[in-house]
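K.L.:
Residue numbers (the working numbering), protein chains in the order written: chain B, 1 to 223; chain S, 1 to 421.
The set of hints was computed from the structure by calculation and includes no laboratory data.
For clarity, every value in this text was computed on a predicted model and none was experimentally measured.
There's no promise every hint is true.
Below, in silico cross-link-like pairs of lysine-lysine (BS3-like), each with a Cα-Cα straight-line distance of 27 Å or less [what the hints assert, rightly or not]:
no. : chain 1 : residue 1 : chain 2 : residue 2
1   : B       : K172      : S       : K288
2   : B       : K157      : B       : K208
3   : S       : K307      : S       : K275
4   : S       : K275      : S       : K313
5   : B       : K64       : S       : K275
6   : B       : K201      : S       : K288
7   : B       : K208      : B       : K172
8   : S       : K313      : B       : K157
9   : S       : K274      : S       : K313
10  : B       : K157      : S       : K64
11  : S       : K71       : B       : K157
12  : B       : K172      : S       : K242
13  : S       : K48       : B       : K64
14  : S       : K64       : S       : K48
15  : S       : K173      : S       : K64
16  : B       : K172      : B       : K2
17  : S       : K71       : S       : K103
18  : B       : K2        : B       : K64
19  : S       : K288      : S       : K275
20  : S       : K274      : B       : K64
21  : S       : K347      : S       : K288
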Amino acid sequence: MKVLLIEDDVAMVPHILRELSVNGHQFSNAVDGQSGMSQALTGDFDVLIIDRMLPAMDGLSIVKALRRNGNQTPVLLLTTMGGLDDRVEGLEAGADDYLVKPFAMSELLARMNALARRPHINAVQTTLRVNTLEMDLLRREVRRDGQLLDLQPQEFKLLEYLMRSDGRVVTKSMLLEHVWNFNFDPQTTVVETHMSRLRTKLDKGFTKAMIITQRGVGYRLVA
Amino acid sequence: MLNLLATNHALEDQLRSRVHDDFNSFSDEAESEGTDSVIKEISERIAKPTFPGSYFYVADSNGKRLLGNLKDVPIAFGWQRLPGTFADKPAREPAHEVWGQGKVFPGGYFVFVGQDAYRVNVAENTLIMSYLGSGVLAIVAALAAGLLLSRGFLSRIDAINHTSQSIMQGHLKQRIATRGTSDEIDNLSNNLNRLFDSNQALLDSLQHVTVNIAHDLRTPLSRLRNRLEEIQQQSGLPPRSKQRLNEAIADSDQLLATFSALLRIAQIESGSRKKAFTNISLTELAEKVFAIYHAVAEDEGHTLVAKIAPDIKCLGDTELLFQLCVNLVENAIRHTPNGTEIILRIKCPATLEVSDNGRGIDAKQRSKVQERFYRLEQSRTTPGNGLGLALVAAIAALHGSSLALEDNGPGLITSIALQPI
Numbered sequence: 001m002k003v004l005l006i007e008d009d010v011a012m013v014p015h016i017l018r019e020l021s022v023n024g025h026q027f028s029n030a031v032d033g034q035s036g037m038s039q040a041l042t043g044d045f046d047v048l049i050i051d052r053m054l055p056a057m058d059g060l061s062i063v064k065a066l067r068r069n070g071n072q073t074p075v076l077l078l079t080t081m082g083g084l085d086d087r088v089e090g091l092e093a094g095a096d097d098y099l100v101k102p103f104a105m106s107e108l109l110a111r112m113n114a115l116a117r118r119p120h121i122n123a124v125q126t127t128l129r130v131n132t133l134e135m136d137l138l139r140r141e142v143r144r145d146g147q148l149l150d151l152q153p154q155e156f157k158l159l160e161y162l163m164r165s166d167g168r169v170v171t172k173s174m175l176l177e178h179v180w181n182f183n184f185d186p187q188t189t190v191v192e193t194h195m196s197r198l199r200t201k202l203d204k205g206f207t208k209a210m211i212i213t214q215r216g217v218g219y220r221l222v223a
Numbered sequence: 001m002l003n004l005l006a007t008n009h010a011l012e013d014q015l016r017s018r019v020h021d022d023f024n025s026f027s028d029e030a031e032s033e034g035t036d037s038v039i040k041e042i043s044e045r046i047a048k049p050t051f052p053g054s055y056f057y058v059a060d061s062n063g064k065r066l067l068g069n070l071k072d073v074p075i076a077f078g079w080q081r082l083p084g085t086f087a088d089k090p091a092r093e094p095a096h097e098v099w100g101q102g103k104v105f106p107g108g109y110f111v112f113v114g115q116d117a118y119r120v121n122v123a124e125n126t127l128i129m130s131y132l133g134s135g136v137l138a139i140v141a142a143l144a145a146g147l148l149l150s151r152g153f154l155s156r157i158d159a160i161n162h163t164s165q166s167i168m169q170g171h172l173k174q175r176i177a178t179r180g181t182s183d184e185i186d187n188l189s190n191n192l193n194r195l196f197d198s199n200q201a202l203l204d205s206l207q208h209v210t211v212n213i214a215h216d217l218r219t220p221l222s223r224l225r226n227r228l229e230e231i232q233q234q235s236g237l238p239p240r241s242k243q244r245l246n247e248a249i250a251d252s253d254q255l256l257a258t259f260s261a262l263l264r265i266a267q268i269e270s271g272s273r274k275k276a277f278t279n280i281s282l283t284e285l286a287e288k289v290f291a292i293y294h295a296v297a298e299d300e301g302h303t304l305v306a307k308i309a310p311d312i313k314c315l316g317d318t319e320l321l322f323q324l325c326v327n328l329v330e331n332a333i334r335h336t337p338n339g340t341e342i343i344l345r346i347k348c349p350a351t352l353e354v355s356d357n358g359r360g361i362d363a364k365q366r367s368k369v370q371e372r373f374y375r376l377e378q379s380r381t382t383p384g385n386g387l388g389l390a391l392v393a394a395i396a397a398l399h400g401s402s403l404a405l406e407d408n409g410p411g412l413i414t415s416i417a418l419q420p421i
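With the rest of the complex left out, here is chain S (with noise of 0.2 Å):
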């Protein structure tokens, strides 16, 4: 490039120099012996051509061409650049430029010296050329560069997003890939990395406690719960103390139920199940529960009724929607008076409602239902644990849902809605 630079300014220089050495010596041709002598050896250099040709043009006072191998010249002092009008030729292809200087000499005759810029033209084009292929060149390099950089990026963005989602889907065992080269990129995912060791080690604590107290407290519990039933095989025991020990035994049951559902309930939350997820027909789960449970409303004396669409089907866990479905209808058996019409419905894209026209729920206390161990004053003579509904919104938040609680004007509707597919 600086080559070709330096040859074009040798070339350009040539030129201007090779034009000034004949101007100059016409000037001074022309004050000593006058311009008809410059004319004169005009003429003569004319007919001698050389290359690269020396071109030249002389007007007469009035600006009439007298003769030259230039077809026309302005009339314009100083240096001219002029596209080539060559008085013997035809235009040439590419057209050449004649560059060159022009004065009044005595006697009123305009004379102009130039020469064929030809070779400066063309290392100048060759500079342009190269200047715009080696733009062209950089800018692609460049580009590509660039594109090759922010895809690296980008796939690396995009590793730490996938990893992420594959956490929050339930495979906590799962890091970012890092390069081991510093940079941000690596730094990042190493402190995420980190973050998710930290946020698996409370899991893992969470779970082994669990798993700890599950162990822990239930042996004792089955040792009683068999040392009762022990004793009430006994015979000759009074029936109070028969009764009694039922009671006993009921107790202890009832204790490892709450026992177990919170268990579930903290199992769930770890969302550990999401592995599991697989696609389901919400249609098929809704009436399998409605086939089970519309004889139970009955004899409890409601009315279930169905409204299930065809075809819906969502991705989730059977076993954990299934429950939530029968834990949704069971609590409208369990909680509305007499009579009271409960609707188990399927509704397009994959929503899951039960609603019926029984007391409802106050607003104020909708929200405080879904948390465990809450009874409403008016549940409180029902048997039951108070985990029903914290067990269902666990469900629905494994689900990436929400368990909607609604006036039903009267009475309540519960939803959740589904990822549908």
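If we strip away everything but chain B, and leave its shape as in the complex, we get (with noise of 0.2 Å):
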């Protein structure tokens, strides 16, 4: 994957990068707005990850002149302000996904990962499959090797999720930012309780596991 990183922290830059390296992404990177700007319209790139706050030119502004020149490079902004504000702006301004410092390196990759894949064009599916995994968005029904299986709509809306990131690890916040609509931590276990719910539906009467635990980072659903 190409990856452009503009971001001016200079303690914060290496890491990235050497992240992106050992992840086997080639990558370019810019300190200040302008030159991040100029090198995003001119390269051609998978993925942009701008940091919000930029010398020369804010990262607001670079997505807003971005989206206007018509390149729709999907684009994760970071920031350090969590506000509540703060999100929604950098969503309007037409960034694909938000990210507030500071972040685990798993998180970053898991998001990038996700926006890459992510279809330009969004076809109208009325089915996903992964392996005998069959789910029928139109009739809400979901069968495993042809058996139907009884989710309740939570477990529904987890796996259709999970089926939609195409084996790619999703994170926990992942999950409740997009399941459930979550913009802050909960401090019980909502996709813990979810999630094995929905692992003893999936896996019941049969020997191998559909969703695997990838720890410390999220999970990911297996072909």
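Two chains, two frames, some hints: make the complex.
P.N.:
What follows is the structure in structure tokens.
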């Protein structure tokens, strides 16, 4: 994957770049808004990681300018401000996802992967399929090996998100944000509870577990 | 007006002097030539009517009418104003008045000499009418002026009210418009505007400090976390060091979470979120919380029950009210013993209530638990930052309400009455 990092925090940049390199991604970087902007416009990137506060041109302005220019490269906005309006402002400016510093590198990679492989044109899908697992989005039915599973609405939503993630790792905070619209950290085991119930129903009568827990990172649906 | 008054006076004087002249000449004549001569002259005068008419009346010593062109005159001395009861003509419309003077002449004759006061009356009426007219006009003018003034006054007071309310609703940049007339209202408006300016300056500096803290403390904290993470990924670390590293990362995450919660409370308290208020369905919001949490409660050994009234709507911030509801339900799950029943209620008109039959909170402690970092003795062992209810209280205050804590005998009832639509 080709990644452009526009970030001015000198301690942060090598850390992120090393992580990208370890995970086999190609990358470029810029340390101010203007040069970042021109690189973003000229290069062909799969994902842009842009810090919100930058010298010369702030992150929000870059995203807005890119979108005005018709550039639809997925943008992951980084910020130190975890304010209520900041996330909305970022998304309204045209960013695709938003990550508050500090974050675990695994979180950054998971979100980056989710953005990069997101289909640009959202084809209307009525059926999702992962191996022998089949989800009918219209009838709200799930079958494994043709066997109908009795899922609660919350479990259905969770499984749908996992299936759409195409075998990539999804973090707990991604699930909270996208499945349940939490923009804060709950103090109870919301994710674990629903995940464990889903697993039980999914794997009942099968020997192979479909959901893998990646310790300290998140969950992944195996094909 | 003065003109009319003068005319009226002149007419009256003229009338009176004409009556006086006649009367005096008759008196003199009676003295010198006897009353008979006067009576004779009167009868001659009656035969030659003049305009405006002169009127006479003569009665004998018994009070019986002898002659005259007036029908009936009371035997009285001095000036009289009589309704015109004319002997020769039918009553005139409008009724003419006769003003005149009477006295008893030698021989016991009562003589009355008068003049038709029609013109004086007309002038008088005109005067009265013009008085009345101008009076009414003056009243109307005064009312109109008063109305205009008070409307202007009220609209300016209204503008002040409107602006203050709008500022309270989070439109902090608004100011009251002034006219530059430096009258009392303008002065008041200017003073209020200055007050709003200083209020805004305080909020701005708070915001500034908050953002600075966020940036200046979060950045080094992120670096710290990154470095710990980097070390954690090195191979060949002794298991004990790895364990310690994990704990250090968890600590830094906890620090950041507390920090974020504080910033969030500060931001809610600034009131700027009021701009984002919309009509929201409390019913749907609570149903969503119930759908997510009944399984969580079950896993924790509790029962979560929903008693949600249909179609309850209120004005507010969806995201914050969702967090408020989640916080109350999570508090009930986390701080009650196993087997507790928790009820999530939405009541008419727009009250959100979470109750449990757990241990409850001592009456003295109920207001303290809404303070930042206050933790009950019994909850010190439960993980948490002591900011949950402070955040709920801030969200309730933003919605013009407050968090009510009551005894459920046993247990606790937490509720917030929201603004129904």
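K.L.:
Compare the structure with each hint and give your call.
P.N.:
Against the structure, the hints:
1. K172/B <-> K288/S: Satisfied, since the Cα-Cα distance of roughly 19 Å is no more than 27 Å.
2. K157/B <-> K208/B: OK: K157/B and K208/B at ~22 Å, within 27 Å.
3. K307/S <-> K275/S: 31 Å, violated
4. K275/S <-> K313/S: 18 Å, holds
5. K64/B <-> K275/S: Roughly 23 Å between the alpha carbons, so the hint for K64/B and K275/S holds.
6. K201/B <-> K288/S: Since the Cα atoms of K201/B and K288/S sit roughly 22 Å apart, the hinted pair holds (cutoff 27 Å).
7. K208/B <-> K172/B: Holds, at roughly 23 Å.
8. K313/S <-> K157/B: Distance of about 26 Å is within 27 Å: holds.
9. K274/S <-> K313/S: 17 Å, holds
10. K157/B <-> K64/S: 122 Å, violated
11. K71/S <-> K157/B: It is violated: about 114 Å lies between the C-alpha atoms, which goes past 27 Å.
12. K172/B <-> K242/S: 22 Å, holds
13. K48/S <-> K64/B: Not OK: K48/S and K64/B at ~111 Å, beyond 27 Å, violated.
14. K64/S <-> K48/S: 24 Å, holds
15. K173/S <-> K64/S: Roughly 96 Å separates the two Cα atoms, so the pair is violated.
16. K172/B <-> K2/B: Roughly 25 Å between the alpha carbons, so the hint for K172/B and K2/B holds.
17. K71/S <-> K103/S: 17 Å, holds
18. K2/B <-> K64/B: Answer holds: K2/B to K64/B is near 21 Å, not above 27 Å.
19. K288/S <-> K275/S: Roughly 24 Å separates the two Cα atoms, so the pair holds.
20. K274/S <-> K64/B: 26 Å, holds
21. K347/S <-> K288/S: Cα-Cα ~16 Å, so holds.
When the structure is compared with the earlier hints, violations turn up for hints 3, 10, 11, 13 and 15 and for no others.
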